[in-house]
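Participant: Just so you know, the sequences run in chain order A and B. All residue numbers for the first sequence refer to the working numbering, where the first residue is 1 and numbers rise by one. All residue numbers for the second sequence refer to the working numbering, where the first residue is 1 and numbers rise by one.
Please keep in mind that the hints were generated in silico from the structure rather than gathered at the bench. Treat the hints with caution; some may be incorrect.
Stretch-level coverage of chain B by chain A, calculated; a stretch enters the list once three of its residues show a Cβ under 8 Å from a Cβ in chain A [unchecked claim]:
| no. | segment |
| --- | --- |
| 1 | 25–35 |
| 2 | 47–55 |
| 3 | 62–69 |
Some chain A residues close to chain B (C-beta under 8 Å, calculated; not the full set) [what the hints assert, rightly or not]:
| no. | residue |
| --- | --- |
| 4 | PRO27 |
| 5 | VAL34 |
| 6 | LYS59 |
| 7 | GLY74 |
| 8 | HIS78 |
Glycine included, C-beta positions come from ideal geometry on N, C-alpha and C.
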Amino acid sequence: MSDAQATLVVFAPVPGRVVRMADVPDPVFAASLVGPGAAVDPIRSRHQAVAPVGGRIVKLHPHAFVVVTPDGRGVLVHLGIDTVQLKGEGFTLLAVEGDEVAAGAPVVEWDPAGVEAGGRSPLCPVVALDAAADALRLIADGGEIAVGAGLFTWS
Amino acid sequence: MIDAAAIVAGLGGAENIIEVEPCATRLRTEVRDASLVDEAVLKRAGAIAVMRTGVAVQVIVGPEADTVGSDIEELLE
Chain A
1 MSDAQATLVV
11 FAPVPGRVVR
21 MADVPDPVFA
31 ASLVGPGAAV
41 DPIRSRHQAV
51 APVGGRIVKL
61 HPHAFVVVTP
71 DGRGVLVHLG
81 IDTVQLKGEG
91 FTLLAVEGDE
101 VAAGAPVVEW
111 DPAGVEAGGR
121 SPLCPVVALD
131 AAADALRLIA
141 DGGEIAVGAG
151 LFTWS
Chain B
1 MIDAAAIVAG
11 LGGAENIIEV
21 EPCATRLRTE
31 VRDASLVDEA
41 VLKRAGAIAV
51 MRTGVAVQVI
61 VGPEADTVGS
71 DIEELLE
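Take these sequences, add in the hints, and give me the full structure.
Facilitator: Encoded structure:
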């Protein structure tokens, strides 16, 4: 990645409350092993999770997706912790892997309350894949955030 | 790039692997004998980190996990 890349604004994929990555109840995300970022503790009603940046959906699972920007930066959105174990139950795909999407485009509909009722954390890590930790700046720290509002910048 | 064959070796070989389930960024695996798991081999194979809880071994490989997972499943067949 060049030093000259433009600053990218990564938007909240779900509405809720901003949580520091270190506070995510999963050692891989909490230690930023796949990249730094921030998490959102989502509202507990069924809603549409949206693309955090514009680009191509290169990976699409019911519980997680990756959007890569035209300049090659990947952002992972993980809907809840350990939700791969749900095998897609309760998640409805609203896009197709390979789609080009704008930031804010609906990708998956899901129900955090249902995830929580199953004994899992519905927290949503939003990860700047392979980014340097000092490349990120949180826009909103610890407060309420609307879906599509700026979550962090990536420069 | 992640070397699927080397991941299998690092998990103690095909005979030692009970299950490999790819998640968004990691391979969730279950092995028969945890003492045969070699973290150094896994890291040389491209793993970012290894998280172990007894015979449950998570190999963190990044967003290529599902591709690596299918490569490993082919090797195990």
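Participant: Which of the listed hints are not met by the structure?
Facilitator: Per hint list: zero violations.
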